[in-house]
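Going down the list, the sequences are from chains A and B.
Heads up, the first sequence is in our numbering, so the first residue is 450 and it goes up one at a time.
Heads up, the second sequence is in our numbering, so the first residue is 722 and it goes up one at a time.
Since the hints were derived computationally from the structure, they do not count as laboratory data.
Take the hints with a grain of salt, since some may be wrong.
[Claimed, not checked] Restraint-style ranges between C-beta atoms, simulated for each label pair:
id : chain 1 : residue 1 : chain 2 : residue 2 : range
1  : B       : 756       : A       : 793       : 26 to 36 Å
2  : A       : 1164      : B       : 932       : 48 to 58 Å
3  : A       : 1146      : B       : 932       : 50 to 60 Å
4  : A       : 1164      : B       : 817       : 54 to 64 Å
5  : B       : 760       : A       : 640       : 26 to 36 Å
6  : B       : 853       : A       : 586       : 49 to 59 Å
7  : B       : 914       : A       : 533       : 21 to 31 Å
8  : A       : 980       : B       : 932       : 31 to 41 Å
9  : A       : 1157      : B       : 893       : 53 to 63 Å
10 : A       : 793       : B       : 869       : 43 to 53 Å
11 : B       : 760       : A       : 588       : 22 to 32 Å
12 : B       : 853       : A       : 517       : 54 to 64 Å
13 : A       : 1028      : B       : 893       : 49 to 59 Å
14 : B       : 869       : A       : 836       : 31 to 41 Å
Since the model is a prediction, treat every value here as computed from it, not as a measurement.
Think of the CB as a built atom: it goes at the ideal place given N, C-alpha and C, for glycine as much as any other residue.
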Amino acid sequence: MRQRVEPTVDRALAREHGLTDGEWARILELLGRAPTFPELGIFSVMWSEHCSYKSSKRHLLTLPTEGEAVLIGPGENAGAVSIGDGLAVVFKIESHNHPSFIEPVQGAATGVGGILRDVFTMGARPIASLDSIRFGPLEDPRQRWLLRGVVDGIGGYGNCVGVPTVGGETTFHPCYRGNILVNAFNLGVVETDRIFRARASGVGNPVIYVGSKTGRDGIHGASLLASAEFDEESEAKRPTVQVGDPFTEKCLIEACLELMRTDAIVGIQDMGAAGLTCSSFEMASCAGTGIEMDLDRVPQRAADLTPYELLLSESQERMLLVARAGQEERVREIFARWELEAVVVGRVTDDGRMRVRWHGDVVVDIPVDPVSRSAPVLDRPAREPADLRERQKLDPAALAPEEDLAEALEALLDSPNLGSRGWVWRQYDQLVQGSTVLGPGGDAALVRIRREDGTPTRKGIALAVDCNPRWCWLDPYGGALAAVAEAARNVACTGARPLALTNCLNFGNPEKPEVMWEFREAVRGLGEAARQLGTPVVSGNVSFYNETAGRSIYPTPTVAMVGLLEPWERHAVSHFPAPGLSVCLLGETREELGGSEWLALRRGLEAGVPPAVDLEAERRLHRLLAEAIGAGNVRCAHDVSDGGLAVALAECTFTGPAGLRVGAVLSLPDAVRPEALLFGESTGRVVVASQNAEELVRLAARQRVPLRHLGETGGERLVIGPPAGTPWIDRQVTGLARIWERALSRRLEEA
Amino acid sequence: MFAVIQFPGSNDDRDMAFAVKSVLGAEARLVWHRQAELPAGTRAVLLPGGFSYGDYLRCGAMARFSPVMGAVRRFAEAGGPVLGTCNGFQVLCEARMLPGALLRNRGLHFVCDWVHVRVERDDTLFTTRAREGQVLRLPIKHGEGRYFAEPDELARLEANRQVLLRYCKPDGDFSEAANPNGSVAHVAGVVNVRGNVFGLMPHPEHAVDARLGGDDGLRVLGSLLDAVARGTGR
Chain A
450 MRQRVEPTVD RALAREHGLT DGEWARILEL LGRAPTFPEL GIFSVMWSEH CSYKSSKRHL
510 LTLPTEGEAV LIGPGENAGA VSIGDGLAVV FKIESHNHPS FIEPVQGAAT GVGGILRDVF
570 TMGARPIASL DSIRFGPLED PRQRWLLRGV VDGIGGYGNC VGVPTVGGET TFHPCYRGNI
630 LVNAFNLGVV ETDRIFRARA SGVGNPVIYV GSKTGRDGIH GASLLASAEF DEESEAKRPT
690 VQVGDPFTEK CLIEACLELM RTDAIVGIQD MGAAGLTCSS FEMASCAGTG IEMDLDRVPQ
750 RAADLTPYEL LLSESQERML LVARAGQEER VREIFARWEL EAVVVGRVTD DGRMRVRWHG
810 DVVVDIPVDP VSRSAPVLDR PAREPADLRE RQKLDPAALA PEEDLAEALE ALLDSPNLGS
870 RGWVWRQYDQ LVQGSTVLGP GGDAALVRIR REDGTPTRKG IALAVDCNPR WCWLDPYGGA
930 LAAVAEAARN VACTGARPLA LTNCLNFGNP EKPEVMWEFR EAVRGLGEAA RQLGTPVVSG
990 NVSFYNETAG RSIYPTPTVA MVGLLEPWER HAVSHFPAPG LSVCLLGETR EELGGSEWLA
1050 LRRGLEAGVP PAVDLEAERR LHRLLAEAIG AGNVRCAHDV SDGGLAVALA ECTFTGPAGL
1110 RVGAVLSLPD AVRPEALLFG ESTGRVVVAS QNAEELVRLA ARQRVPLRHL GETGGERLVI
1170 GPPAGTPWID RQVTGLARIW ERALSRRLEE A
Chain B
722 MFAVIQFPGS NDDRDMAFAV KSVLGAEARL VWHRQAELPA GTRAVLLPGG FSYGDYLRCG
782 AMARFSPVMG AVRRFAEAGG PVLGTCNGFQ VLCEARMLPG ALLRNRGLHF VCDWVHVRVE
842 RDDTLFTTRA REGQVLRLPI KHGEGRYFAE PDELARLEAN RQVLLRYCKP DGDFSEAANP
902 NGSVAHVAGV VNVRGNVFGL MPHPEHAVDA RLGGDDGLRV LGSLLDAVAR GTGR
């Protein structure tokens, strides 16, 4: 018999595992003895911030999670929302920040792999991915290396598994220099009555391990890498980053979906964070059962793996499933066809305990429920940052006016945060699966929905992901409101009705009261906006400890919104499609320069109060857009956001397909100063191009949406000016387009 | 019936079958790579895009050894039409059913974009629905699509008029900027000497619906459908 060589388990070792003294005492109390080494590993993972949500849980409980269409809310692998006719969409967004900072290609790749598994674990075929990625300034060569690596990782994985990346955001700010953000979103489609859950039910049923073999990679990825701040030694954690294999994932998707069309399985769970441990605990806990497992049967690709390593490995592309007794052979057959392992490693028991054997020894024997359910819930202190009021101070009168507004527009179009992201998304397969109606680059992506057998439906799903971290730093509550409002508005700009959202809450160290305050305020804002807009939160992820050497990132509550458009053919685009259309501005422009891109770029200031959000007005705007686009009146609708109205109008002139350029001659009311008019970022505004302005005016009046007629599309120039007098901006569209198109690529290719 | 070959890692297989069935209204069947024979009634073979066997070695290098490729070769030798797109083109080159090779893109990056290609011949099984000199707009999405052939081989290709598609500007002229991957002589697609095996990097199956970006792919797939209807390959 093999002997285990293991360290002595005591309070000191528990501390090294990130457990507090209080948690250690609780373990002793629960077990009535000291834990074994593998058991200590299990507690450290299950009670880590990453797996237990101990700092965030009490706040997350305040979010609205229910609604007519919601089939499954937070708590499962992903949320599920009905889209009618027996179909549902399943979606979630998740962070992979720390692994991507240490090893950008594999970190980002496995982020994509993990979120795909969350979706197909529920029986859904993944059909669309988005990514929200944030870096430090591109002047820093390390940031360019990180961006190249992350894009390579996302593309390399997504392209190979055959799931299109249809949109996302890429932004730059010094606060991410030491802690980049990589948030990956995926959405899948499933027949409502074929949704699977992570349940180990049916005493005596076999527990089957499928997918890749287990190795030493990623041990403590979740507990140590994701649940602590970065320091100079973080580089040494590179071995804790897992390596992705998209080919195996592709085969795993097909094999799982094939298996799910049979009645052979009762539950299935992805082996993500903390691998075998988390998946088996979650499945047993959901079903109120126990599991006994024999580690010797686990497929292994390294020699002499210890029980501790086998239980905590985060090797990728593995799933755990519970089959109906007697169906083992059927499961094996399907997986063998895809050249994947499927091995019975244990069975479901009725005693509520997790019992794990290794070479005949019982190495783990603990009650399931106390470990997974009574994970600690903390009420961490929260305190408003001392300098918050200082941040919000801004005297607009002291801001020097622009001498040449056209030059200012060109500078904005040339900035990394506003220029074309074509360099990024040209590296992603946007078209595989043949359903991409609107790809990256517009307000929201739009994909048409087909059934699993390929039958087309008339349903389209609109998707957008948004957050303005600067606004959240200046006002976390208002910034979170705005993130939800903008994501919903982007979805509405296609003509779709916003349905539900998922969020990825990226924050600093929750042990700092200022960070906890930012978190609490942001969650309050998310909840308020989600309630008012009728878009419940159906899934999400919290990523704390995003700081390096004590410096936290800006609070970044990323919101991904999903909407429904039926029929999908009745959609708008975000560029001027033709000359001779009336250009109108929906919504109200106020003198709001606080937190704007213009202020940061042109005046070097990050200050002020961000623009106000009127959720009631946003709802009316959604209704108007759905009505006007559905009626064919509005053919172009483009959200006014970063960079303000002038940037939005410029984008309308040159972002069409195949180099389409459509100019416009427009006049704006000069009620507020030109900088605020052209570059201010007042919320709730959309630029539209209409075939019938008179009818649109009538529709807008009925929904009580302020509307201003600005001019007509046509010509080769973009001309914007006051109602009378010399235009502020008068430029060739091709010239503006060239500046915008090169903004990112020239910084990456010429560097 | 169109046989769409399915390797583990193929990912445009379902789209190809969908284009044939729903858009062309013909019959299509997915054929698993382990099958040593094509289904009875196969009138054309389609090798779809994707990453066969993960493409961890060279694109298409593993797929050519799969049992089904023996059957595809016999089918082609009997005169049956075979069309390979993207990874399917790479597999045909690896299997030496088409000349040349596909290398890493000039810019080293994966490129997903709509491009223009000029039709060089309209008298082949795959191009009868187009005109010679016509410019088609089709999507590409690949990391290894830079066509390469040694100078003497390229000269033979040109002499035999085996280049069916070349990357071009919207007006049909050639420029390096309009060549998305650095292919030699702007080659986007080549046919074998006999004229029944065609490989191209662009994706006709993703250009079959004007509402989703364009339908020029029907010029290629539709030509093949016409050829099958005429009884080619029987």
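Pairwise beta carbon distance, residue 1164 of chain A to residue 932 of chain B, judged against the given window 48 to 58 Å: 28 Å, violated
Satisfaction of the hinted span 54 to 64 Å by the C-beta atoms belonging to residue 1164 of chain A and residue 817 of chain B: Cβ of residue 1164 of chain A to Cβ of residue 817 of chain B: about 55 Å, so the range 54 to 64 Å holds.
Range agreement (Cβ of residue 640 of chain A with Cβ of residue 760 of chain B, hint 26 to 36 Å): 28 Å, holds
Pairwise beta carbon distance, residue 853 of chain B to residue 517 of chain A, judged against the given window 54 to 64 Å: 58 Å Cβ-Cβ, so the 54 to 64 Å window holds.
Whether the CB-CB distance between residue 853 of chain B and residue 586 of chain A falls inside 49 to 59 Å: 51 Å, holds
Verdict for residue 793 of chain A, residue 869 of chain B (Cβ pair) under range 43 to 53 Å: 49 Å, holds
Distance restraint evaluation - residue 1157 of chain A, residue 893 of chain B, Cβ atoms, bounds 53 to 63 Å: Roughly 44 Å apart at Cβ, these two residues miss the hinted range, so it is violated.
Outcome of range test on Cβ distance (residue 756 of chain B, residue 793 of chain A; 26 to 36 Å): The hint (26 to 36 Å, Cβ to Cβ) holds, given that residue 756 of chain B and residue 793 of chain A are roughly 29 Å apart.
Supplied distance hint 21 to 31 Å, evaluated on CB atoms of residue 914 of chain B and residue 533 of chain A: 54 Å, violated
50 to 60 Å as the expected CB spacing between residue 932 of chain B and residue 1146 of chain A, which holds or is violated: 29 Å, violated
Satisfaction of the hinted span 49 to 59 Å by the C-beta atoms belonging to residue 1028 of chain A and residue 893 of chain B: 26 Å, violated
Residue 836 of chain A and residue 869 of chain B - C-beta distance against the hinted 31 to 41 Å: 60 Å, violated
Of the numbered hints given earlier, the model fails hints 2, 3, 7, 9, 11, 13, 14; all others are met.
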